[in-house]
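Let the sequences and hints guide you as you build the complete structure.
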Amino acid sequence: MNKTINQKAWFLVLPVLVLVAFSAVIPLMTVVNYSVQDTFGGNQFFWAGLEWFDELLHSERMWDALGRQLAFSAIILAIEVPLGIFVALNMPKKGFWASLCLVLMSLPLLIPWNVVGTIWQIFGRVDIGLLGHTLDKLGISYNYTQDFLAAWATVIVMDVWHWTSLVALLAYAGLQSIPDAYYQAAKIDQASRWKVFRYIELPKMQGVLMIAILLRFMDSFMIYTEPFVVTGGGPGNATTFLSIDLVKMALGQFDLGPAAAFSLMYFLVILLISWVFYTVMTNLDKRDGL
Amino acid sequence: MAKITLDNLAHSYMPNPRGEEDYALKELNHDWVDGEAYALLGASGCGKSTLLNIISGLLQPSQGRILFDDVDVTAQPTAARNIAQVFQFPVVYDTMTVRDNLAFPLRNRGADADYVARRVQQIAAMIGMEAELNRKARGLTADAKQKISLGRGMVREDVNALLFDEPLTVIDPHMKWELRTQLKSLHNQFGHTMIYVTHDQTEALTFADKVVVMHDGRVVQIGTPEELFETPQHTFVGYFIGSPGMNVMPARIEGDQAYVNGTSLPLGRGYGPLSGKVEIGIRPEYARLSDSEGLPVNIRRVEDVGRHQIVRADCFGHDLNIIVDEGAGIGADMTRVSFDPARINVYADDWRVEGQATGRAA
Chain A
1 MNKTINQKAW FLVLPVLVLV AFSAVIPLMT VVNYSVQDTF GGNQFFWAGL
51 EWFDELLHSE RMWDALGRQL AFSAIILAIE VPLGIFVALN MPKKGFWASL
101 CLVLMSLPLL IPWNVVGTIW QIFGRVDIGL LGHTLDKLGI SYNYTQDFLA
151 AWATVIVMDV WHWTSLVALL AYAGLQSIPD AYYQAAKIDQ ASRWKVFRYI
201 ELPKMQGVLM IAILLRFMDS FMIYTEPFVV TGGGPGNATT FLSIDLVKMA
251 LGQFDLGPAA AFSLMYFLVI LLISWVFYTV MTNLDKRDGL
Chain B
1 MAKITLDNLA HSYMPNPRGE EDYALKELNH DWVDGEAYAL LGASGCGKST
51 LLNIISGLLQ PSQGRILFDD VDVTAQPTAA RNIAQVFQFP VVYDTMTVRD
101 NLAFPLRNRG ADADYVARRV QQIAAMIGME AELNRKARGL TADAKQKISL
151 GRGMVREDVN ALLFDEPLTV IDPHMKWELR TQLKSLHNQF GHTMIYVTHD
201 QTEALTFADK VVVMHDGRVV QIGTPEELFE TPQHTFVGYF IGSPGMNVMP
251 ARIEGDQAYV NGTSLPLGRG YGPLSGKVEI GIRPEYARLS DSEGLPVNIR
301 RVEDVGRHQI VRADCFGHDL NIIVDEGAGI GADMTRVSFD PARINVYADD
351 WRVEGQATGR AA
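Keeping their order, the protein sequence lines are chains A and B. Each residue of the first sequence is one higher than the one before, starting from 1 at the first, in the numbering used here. Each residue of the second sequence is one higher than the one before, starting from 1 at the first, in the numbering used here.
Note that these hints are calculated values from the structure, not bench results. Among the clues, some could well be false.
[To be verified] Just some of the chain A residues that point at chain B, by a computed CB distance under 8 Å:
1. A181
2. Y182
3. Q184
Think of the CB as a built atom: it goes at the ideal place given N, C-alpha and C, for glycine as much as any other residue.
Put into structure tokens, the structure is as follows:
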């Protein structure tokens with residue numbers, strides 16, 4: 001069979017190329033361009049090479065922010081994943097209550113991030129906020145603008161409130177896909193509740209949980225709006241996560257070069273962790289299959 | 001092992017069943033004799049699985065009682081009933097090895113390790129999976145998974161009954177034979193009460209001592225394969241068992257004669273006056289083509305299935321199947337069909353009517 005060779009076909013790919021170029025490639029390259037130059041304003045740039053990267057790798061500020069960021073992601077994952085599974089296990093399987101639960105659970109997911117921040121910012125205020133005022137009246141010292149622990153607790157509880165639903169909904173979907181016969185067989189085999197969870201529910205949820213963990217990790221690692229609205233990164237630098245630090249550097253101090261280098265490294269860290277996580281999980285899958 | 005008694009049992013999936021038609025399982029009284037192998041045969045959706053799940057306790061019946069050896073277990077949960085059940089689609093614990101899968105029911109009951117190891121080895125030999133014992137169950141073929149499910153069903157020796165819910169649906173035909181034979185020999189060896197649900201008549205007839213035929217939520221006949229074949233108590237049994245099923249034709253009965261469209265057929269037995277829808281049923285095996293006697297037929301098609309030929313014919317507008325020996329010529333003059341009088345069953349409103357011997361040859 002003879003193939004027709006028609007180079008004009010390449011033109012059909014052109015719209016996609018243009019779209020990707022403008023939406024991803026060109027902005028990213030601009031950042032790369034900034035990261036190797038220095039500027040003193042007035043649109044004058046000087047070649048800086050890898051200086052910014054070098055400086056950043058030795059900057060205590062960046063390492064501290066990265067540490068806080070990792071701690072934050074680890075804590076919220078450790079809370080949201082088990083809690084989400086627990087909620088999903090206890091949701092009604094069908095009928096009116098199941099629908100009601102689903103709607104209620106989805107609500108936090110529908111609220112814009114800055115609104116979530118504002119809600120908690122007000123909720124936690126000692127003078128007018130329900131939570132802050134109640135805690136204060138109970139004699140518990142709570143002030144997220146002054147106290148390091150209170151600030152972290154607020155930011156973490158806020159994230160748990162906002163995003164546990166996502167894990168729960170995904171886990172719920174995983175649970176719903178388990179055929180009844182599995183539960184019936186488990187009853188026949190006289191498996192305990194724990195064994196049903198360990199050998200039926202958990203393995204069947206593995207796929208969706210992987211997605212949930214990946215999504216929650218990436219999202220929490222890039223978190224900006226909510227803590228910025230609630231604590232503004234404070235007290236001090238206590239809740240200054242990577243993206244908050246990045247914005248301070250890029251827009252606050254207008255250090256375009258270092259900020260660009262920061263962005264690139266930030267991006268690479270997320271990519272690396274996600275890739276490692278994904279590879280490990282899929283390999284676990286394959287090993288079992290053999 | 002136990003005798004299982006169903007007492008006034010019925011089940012409806014609706015919360016407030018009104019009439020009989022709301023019941024998936026209509027009122028039923030039956031003893032499953034200890035140590036017998038039963039097949040529960042019927043079309044899809046006739047209530048077979050419902051009945052099975054009620055016996056194993058996965059479903060609570062709307063009314064009636066279940067007794068194991070005369071002890072009421074209706075309120076007992078599945079675990080307390082000590083029943084093994086195998087489902088239509090394979091259920092395996094993916095993350096466990098094949099060995100752990102088979103050992104699971106034993107370990108859950110706290111059996112000692114030596115016994116578990118020995119028993120698992122035995123069962124693995126029975127289902128032919130000794131070589132795969134140490135691999136994970138995930139990623140096995142559907143066949144292999146179903147064999148594990150069967151193995152898990154058989155692994156406990158002290159069960160009250162073994163229930164199978166169309167367990168061989170996903171197994172390929174060659175393996176089906178082998179597994180069914182295994183089940184049968186297991187039954188002969190240990191004498192468990194077994195109930196085997198299927199919609200495949202060959203499976204039912206080869207597996208069971210007694211076949212229970214269900215239709216539309218009701219048990220229509222319980223009998224040996226021979227009884228089901230010779231004297232179907234309900235037209236459904238006649239139609240469902242046999243290949244092809246029994247021919248059923250509307251008829252008028254007067255004494256020991258049946259009239260089909262005015263043509264008389266001798267019955268060999270006498271019948272009183274019958275009311276309702278009256279029909280006669282005759283198996284294709286007992287119909288004979290001829291050129292001179294019987295009802296007029298129109299042959300539409302002849303199917304040669306190897307062992308014999310199936311003649312698809314038309315008799316006064318009703319389909320009629322006739323089985324003719326392989327090699328017997330079917331000539332153009334074969335325009336009539338006659339029936340063996342002793343093999344004609346008479347039905348009123350789908351239920352068989354017993355005739356009285358008249359004493360004179362028809």
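Structure-based check of all given hints:
1. A181: holds (4 Å)
2. Y182: holds (5 Å)
3. Q184: Holds - the Cβ of Q184(A) comes within 8 Å of chain B, reaching about 5 Å at its closest.
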